[in-house]
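There are 2 protein chains.
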Amino acid sequence: MQSLNQFTLTEAVKESFKTEEGSRLKFLLETFIEHLHDYTRETNLTHQEWMGVLNFLYDCGKISTPERHEFILLSDVLGFSALVDMINTRGGATEGSNLGPFYLDDAPVKNLGDDLATGREGVIVMAKGTVRDILGKPLAGAIIDTWQADATGTYPIQEQERGQDKYDLRGKFTTNERGEYWYTTVLPKPYTVPYDGPVGDLLRAGNRHAWRAAHLHFIIRAAGYRDITTEVFFANTDYIDNDAVFGVRKSLIAALKPVKKGQDLGVSVQRQPDAMFEFEFVLAPE
Amino acid sequence: MQSLNQFTLTEAVKESFKTEEGSRLKFLLETFIEHLHDYTRETNLTHQEWMGVLNFLYDCGKISTPERHEFILLSDVLGFSALVDMINTRGGATEGSNLGPFYLDDAPVKNLGDDLATGREGVIVMAKGTVRDILGKPLAGAIIDTWQADATGTYPIQEQERGQDKYDLRGKFTTNERGEYWYTTVLPKPYTVPYDGPVGDLLRAGNRHAWRAAHLHFIIRAAGYRDITTEVFFANTDYIDNDAVFGVRKSLIAALKPVKKGQDLGVSVQRQPDAMFEFEFVLAPE
Numbered sequence: 001m002q003s004l005n006q007f008t009l010t011e012a013v014k015e016s017f018k019t020e021e022g023s024r025l026k027f028l029l030e031t032f033i034e035h036l037h038d039y040t041r042e043t044n045l046t047h048q049e050w051m052g053v054l055n056f057l058y059d060c061g062k063i064s065t066p067e068r069h070e071f072i073l074l075s076d077v078l079g080f081s082a083l084v085d086m087i088n089t090r091g092g093a094t095e096g097s098n099l100g101p102f103y104l105d106d107a108p109v110k111n112l113g114d115d116l117a118t119g120r121e122g123v124i125v126m127a128k129g130t131v132r133d134i135l136g137k138p139l140a141g142a143i144i145d146t147w148q149a150d151a152t153g154t155y156p157i158q159e160q161e162r163g164q165d166k167y168d169l170r171g172k173f174t175t176n177e178r179g180e181y182w183y184t185t186v187l188p189k190p191y192t193v194p195y196d197g198p199v200g201d202l203l204r205a206g207n208r209h210a211w212r213a214a215h216l217h218f219i220i221r222a223a224g225y226r227d228i229t230t231e232v233f234f235a236n237t238d239y240i241d242n243d244a245v246f247g248v249r250k251s252l253i254a255a256l257k258p259v260k261k262g263q264d265l266g267v268s269v270q271r272q273p274d275a276m277f278e279f280e281f282v283l284a285p286e
Numbered sequence: 001m002q003s004l005n006q007f008t009l010t011e012a013v014k015e016s017f018k019t020e021e022g023s024r025l026k027f028l029l030e031t032f033i034e035h036l037h038d039y040t041r042e043t044n045l046t047h048q049e050w051m052g053v054l055n056f057l058y059d060c061g062k063i064s065t066p067e068r069h070e071f072i073l074l075s076d077v078l079g080f081s082a083l084v085d086m087i088n089t090r091g092g093a094t095e096g097s098n099l100g101p102f103y104l105d106d107a108p109v110k111n112l113g114d115d116l117a118t119g120r121e122g123v124i125v126m127a128k129g130t131v132r133d134i135l136g137k138p139l140a141g142a143i144i145d146t147w148q149a150d151a152t153g154t155y156p157i158q159e160q161e162r163g164q165d166k167y168d169l170r171g172k173f174t175t176n177e178r179g180e181y182w183y184t185t186v187l188p189k190p191y192t193v194p195y196d197g198p199v200g201d202l203l204r205a206g207n208r209h210a211w212r213a214a215h216l217h218f219i220i221r222a223a224g225y226r227d228i229t230t231e232v233f234f235a236n237t238d239y240i241d242n243d244a245v246f247g248v249r250k251s252l253i254a255a256l257k258p259v260k261k262g263q264d265l266g267v268s269v270q271r272q273p274d275a276m277f278e279f280e281f282v283l284a285p286e
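Those protein sequences? They're chains A and V, same order as listed.
The first sequence begins at 1 in my numbering and counts up one residue at a time.
The second sequence begins at 1 in my numbering and counts up one residue at a time.
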């Protein structure tokens, strides 16, 4: 008969899982059990606190839907998502950042110079840059898959009931033979992550706000290279120093520059921009 | 502008929670963030694994109902519940063990010597013992609140659709002036924890079974003393060495002894037992 106590229990739990020796699953499970038990011992967790944690997870489950994954949101506000992005960034490549909940994999195909902001009001910006590999070689035919909020901080997909098209403010551009991309769009505004659920309660308990710094989402793909999921932010904008989900990296901040009337942009665009920024995406080989 | 990387991120997340200096909440949150981030760094968690963890939690939420708390079950099979029970056991007092999902706080009041197993078939056992404080003083008027499965490993509350009474096989006894309790009941059989959900998948991935060793549940209460929630197991029974939820402690195992016909039991009982066991409960002051 095993005589377990709070110190010997951890090994017993680890040994109860009979997973393949040396497997990734074994390592992930055992490391998790060690941290969970260490946490419990270090905090001398009470029954009430333990039940509080489990009921918090229960409540996260109850508010979740296929459109709202409260556990991803929880991961975001705890910096878990950002940490996984950081760990999985390849040396020399553009840093990764949050995918977020609004990605659609079938965004409309666009042509270089198109305007994503068709008919929308706000600050019109030109995005411009090059996709390169980590040795600096421009990548022709790379896909720039982008989506964003509008000038009120709302994604059209959130406003379908009010007649908005979910494919609006998103598109797939293909880089030209010099690896270049350019298009115009409306400058997005900051918005809050959903804070009417358990994660919102956690933010309130920690006197934290729910605001994200304004950003554009990107997934960059090129054959033979590792995809990059990232975001581009804008210098000196609100929440750039305290984004609620820790998405901002210094290397992902672009500088907006005013565009003068009649200024030579070097490329042709559908719509006259008020400002522009340049951003280079760098992909690492697969 | 903060330039966060995978090492500086952890402090930034901790600092984002503006909780009261020196508070329990601050300590619990910061220690959790440290362990979560350490885990992520130590395992170099991939995006796919990260999403797997979050979707596992999502699925646990989806299968949960007020009657089925999959997160408690998850806590049970990871030894988290057992560890909290161990940590919160007071020195000299009876060790704590799982509350489980079937407790009702309004079990019927019973008299010493009553039979909990009314009309049920199986091995009839007499439970007998004393409730004491940690100095050995018998506690008169202590409440023995007990509930259990039947001889098929089923709780009547699980079989209400088949006409069973949810208050069956449970009751509250009060110790006499010498701190003694005794009653008869049917010997419970082992049963499985629910394994048709995400936690069942986890058990299968770890080649683990879902069986609990046979047990009786108890909450012991006495004015001025700390409640004890625990279980009593039986020596040499199935799964005593590998209970699926790590509930067994050496000190919680009782020895069953046969009862001969006409044997003097020292107390009067409603029903002739086939066997008996003695168990002493020890309470620590509040």
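Note that these hints are calculated values from the structure, not bench results.
Even for Gly, the Cβ is constructed at its ideal location relative to N, Cα and C.
It cannot be assumed that every hint is accurate.
[What the hints assert, rightly or not] Straight-line alpha carbon distances no greater than 25 Å define the calculated DSS-like cross-link-like pairs of lysine-lysine that follow:
hint, chain 1, residue 1, chain 2, residue 2
1, V, 172, A, 14
2, A, 18, V, 137
3, V, 14, A, 250
4, A, 189, A, 260
5, V, 172, V, 137
6, A, 250, V, 18
7, A, 62, V, 250
[Claimed, not checked] So, partial list: chain V residues that the calculated Cβ filter (under 8 Å) puts toward chain A:
hint, residue
8, 23
9, 27
10, 32
11, 35
12, 39
13, 47
14, 49
15, 60
16, 86
17, 90
18, 256
19, 259
Cross-check of the supplied hints:
no. : hint             : result
1   : V:172 with A:14  : 37 Å, violated
2   : A:18 with V:137  : 45 Å, violated
3   : V:14 with A:250  : 20 Å, holds
4   : A:189 with A:260 : 23 Å, holds
5   : V:172 with V:137 : 21 Å, holds
6   : A:250 with V:18  : 24 Å, holds
7   : A:62 with V:250  : 38 Å, violated
8   : 23               : 10 Å, violated
9   : 27               : 7 Å, holds
10  : 32               : 6 Å, holds
11  : 35               : 4 Å, holds
12  : 39               : 5 Å, holds
13  : 47               : 6 Å, holds
14  : 49               : 7 Å, holds
15  : 60               : 6 Å, holds
16  : 86               : 4 Å, holds
17  : 90               : 12 Å, violated
18  : 256              : 15 Å, violated
19  : 259              : 24 Å, violated
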